[in-house]
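Enquirer: Put the two chains together into one complex, using the hints given.
Taken in sequence, the protein lines are chains V and C.
So the first sequence is numbered by this note's numbering: it starts at 1 and just counts up by one.
So the second sequence is numbered by this note's numbering: it starts at 1001 and just counts up by one.
Any given hint could turn out to be false.
Residues from chain V that keep clear of chain C, each with C-beta distances beyond 12 Å, as calculated [stated by the list, open to error]: (1) GLN90; (2) LYS131; (3) ARG132; (4) PHE145; (5) ASN155; (6) GLN166; (7) LYS231; (8) ILE243; (9) LYS257; (10) THR279; (11) GLU285; (12) LYS296; (13) SER303.
Heads up, simulated DSSO-like pairs for lysine-lysine below, C-alpha to C-alpha not over 30 Å straight-line [what the hints assert, rightly or not]: (14) C:LYS1084 <-> V:LYS74; (15) V:LYS82 <-> C:LYS1070; (16) C:LYS1131 <-> C:LYS1106.
Because the hints were derived from the structure by calculation, they are not lab data.
Virtual Cβ for every residue (Gly too), placed ideally from N, Cα, C.
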Amino acid sequence: MKKLHLIYYLSLLAILSQVFVSCNSCNKQGVDVTQDLYVPDSVVEVAPPQVSKAVTEQMMQNISSPVETAALIKGLKIPFNKNFLANTKQAEKFNTNFEKAFALGLYGCDLGYLNMYEKTSFVVDYISTIKRLADDIQVGQFFDFNTLKRLATNNENLDSLILISQQSFNRIDTYLAETNRSMLSAVIVAGVWVEGAYISSRVAQISNHPKIRETIGEQKTVLNFLLALLKVYDKDPSMAKLIADLDRIKKIYDEVKITYEVGEPEMVEENGVLTFKQTDKQVIEMNDELYQRLIKEIQTLRSDLLKL
Amino acid sequence: MKKILFSLLVVLIGVAFFNKAKAQSEEELVQICTMIAGDADYLKDFRIKLDAGDPPPVQRFPVLLKKDVKYRFTVCNSKDYEGKVILQLFDNNRQLATTYIVATGKDYPYIDWVCTKTGAYHLVYSFRDGKAGLAVGLLSMVGTM
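With the rest of the complex left out, here is chain C (with noise of 0.2 Å):
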């Protein structure tokens, strides 16, 4: 009876340190995709995480965003996982702009965007293949046009 609860509690223990692990990844992510986004003030952070799945699964986050300000799209991928983040830019169902151009098979660590238009519009970001993965985007601003 001991043992069994000895090994329980080092199961839960582990966990609880896991779970705090796995919060500073995050965090550390967050401050990589800052100086990723290099110069351009920082506005907002999204956390990103999916399991696998056909179709790729995907997180969505509506954002308002102002008519004459550049913007900036970082993106940064978690080591622990195996997934690369895509980020696609949408104004209702109409595509904009995304990190990951599919003629050219290139990936962007960041992409500005110069808004015309003040309005919603949704951040929806998932992984390429719709591989398991964990990631930050980060939305900031490079200026005023």
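Just chain V, same shape as in the assembly (with noise of 0.2 Å):
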């Protein structure tokens, strides 16, 4: 009797211990216990995925980036353009999860462009949209706003900006695995790709420079490891849809033809940073037709999920 006692008393303990670390991480992350506990039906997965999780959620954290397209465009001299932005009032036509998590990633991307130009005046109307939608699919304590909108209302430490954006989308995604959420995940990320790819078709409409012709070509590649992901979840009747749609890109992508020249990567030192440069060439093939019917459809598609 004793013995069954003392088990008692010990799973007892062993539970209080349990709830005292998730209380130290709680509070570790500014996280607010009662939104830990309400979790939608509609938000959890019903069943894991087939394909490995590990694998899959290490493939998502940085399929897209919205820093790299940004900077790639500031790059060419591409002067900042608000009308290649999604319009923050669209935010509210967004109802579901999952709907909104795409959301996310596209104002997040939006996001990324307006600090690599270092648009502040912007910026606090789109991380208050952020905000929102991140606080609707219950992961708005991982959006450090307070943070962000001190940055960019006193124009302050500009680099900090890109640094805690990234950081916060991070820790999302980061929370949504480990939620059972991972769906959520891509679906941001692709929300994100689908705002890169549509910013620079806008801007394959004004510059010829070729940087931009590959850029919108090599989506190719990154649409390809995006699907791979998404079709995960395809079971969801919301993400078979998106995957339908953006198969209509793909379908159009299958066209171009992408081939690699193998070379062996340079070592240079210089000022103690050792540099690697790699040698490999990537070719890609598309006529202009292509690459018209290309920025059409891109354009079509972000209109479409935009509710446009």
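Expert: As structure tokens, then:
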């Protein structure tokens, strides 16, 4: 009988200790515990994906990054254009968690573009929209709204804007994975990709720079990775529709031919910095007609998904 | 009985606080890594924790890198462990870059990678001589080419 009591107390203690551990981590992240407890059924995955979750979660870590695309565009001296971005008023049209996650990625990409061009006057509007969307899918606690707002309002330390924006999205990604909601992470990534491809397509209409043409063409590689990731969750009806939408573009991309010439990397040390220069060559073949079709289809897809 | 329960409570609370301290240490490493990376724009961090082993255990992270972007890979070791982290960048099975040059025995806190091919790459982290270690790896962007 005493043994039974001991087991009972030990079990109770184990549970209590887990509560302590959980609360510690909650305090660290500034998490509202009540939000953790409330997870709508529609958000939780009913069945775990069949493909290794670890692999898919790692894959999505940087399939699509707003920073690189925006940096490339800015590097080509293409002027900032607010009309390339999604209007934040559109955010009200997104109702389900799936749609909100997609919009979160989309506006996250726009935020990356704004940060890169240091357009802080628009940043507050976008981070407010992102925060609302993030709150709606119970990840708002990981989006460092107050710091971002302070940095943007005071026009201070603009490098930190990029750092904190990126870290916020990475924390959201990690938290979704930890709470078995990786599908929403994948949807966010899809939103980032669609908006990044859209901005590139708009730039392609005003610039003949070969790098923009190449950026559009090499999205074939990125889209293939993205689709592989999304297909893990293709049993979800919303995801199946998104995949079907993206497949429309993939079919066009299948006509783009990408070949590689392999070379040996070169190692150079200058001022104590070791740099490895890749010498592989990437050759993209697509004619003008195909290029224009891709631009048009990317823009149509984005309009459809943005409910314009 | 009360003494046993009290002892267990102390141990369990201790474990809870130890977990908290460990997590903070990783966050600190990310901050240190960010400072070492300098002006490069932060993209992603990777947490590496490996036990001792022979051959040295590794932790892999697939990443998608883009053409015409100069990336910076920074590594930071935890002072609490003996292991010194090594990063190797792979394209399929080909090693392309590393933070540890065997020929010179020199370790670099960061290396730059000029990417000329958009595609999947693998970051492989291990600790020198298979020692146990805790480290953070940072992926950041120096600029476009």
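Enquirer: Next step is simple, just say for each hint if it's right about the structure.
Expert: Verification of the supplied hints:
Residue placement check: GLN90 of chain V keeps its beta carbon more than 12 Å from all beta carbons of chain C (closest about 27 Å). Every CB of chain C lies more than 12 Å from the CB of LYS131 of chain V, the least distance being 20 Å, so the non-interface label holds. Distance check on ARG132 of chain V: its Cβ is at least 25 Å (rounded) from any Cβ of chain C, clearing the 12 Å threshold; non-interface status holds. For PHE145 of chain V, the non-interface assignment is confirmed: its Cβ lies about 18 Å from the closest Cβ of chain C, beyond the 12 Å cut-off.
Against chain C, the non-interface label of ASN155 of chain V holds: every CB pair exceeds 12 Å, the least being about 18 Å. Its beta-carbon lying about 5 Å from the closest one in chain C, GLN166 of chain V breaks the requirement of being farther than 12 Å from that chain. Every Cβ of chain C is farther than 12 Å from the Cβ of LYS231 of chain V; the closest lies at roughly 16 Å, confirming the non-interface assignment. The beta carbon of ILE243 of chain V is kept farther than 12 Å from every beta carbon of chain C, the shortest such distance being approximately 19 Å.
The Cβ of LYS257 of chain V lies farther than 12 Å from every Cβ of chain C, with a closest approach of about 14 Å, so its non-interface assignment holds. Not every CB of chain C lies more than 12 Å from the CB of THR279 of chain V, the least distance being 7 Å, so the non-interface label is violated. The Cβ of GLU285 of chain V sits about 15 Å from the closest Cβ of chain C, beyond the 12 Å cut-off, so the non-interface label holds. For LYS296 of chain V, the non-interface assignment is confirmed: its Cβ lies about 22 Å from the closest Cβ of chain C, beyond the 12 Å cut-off.
No beta-carbon of chain C is positioned within 12 Å of the beta-carbon of SER303 of chain V; the least distance is around 25 Å. Our distance criterion of 30 Å between C-alpha atoms is broken by LYS1084 of chain C and LYS74 of chain V, whose separation comes to about 38 Å. Our distance criterion of 30 Å between C-alpha atoms is met by LYS82 of chain V and LYS1070 of chain C, whose separation comes to about 27 Å. With a C-alpha separation of about 18 Å, the suggested pair LYS1131 of chain C and LYS1106 of chain C falls inside the 30 Å cut-off, and the hint holds.
Hints 6, 10 and 14 from the earlier list are contradicted by this structure; the remaining hints agree with it.
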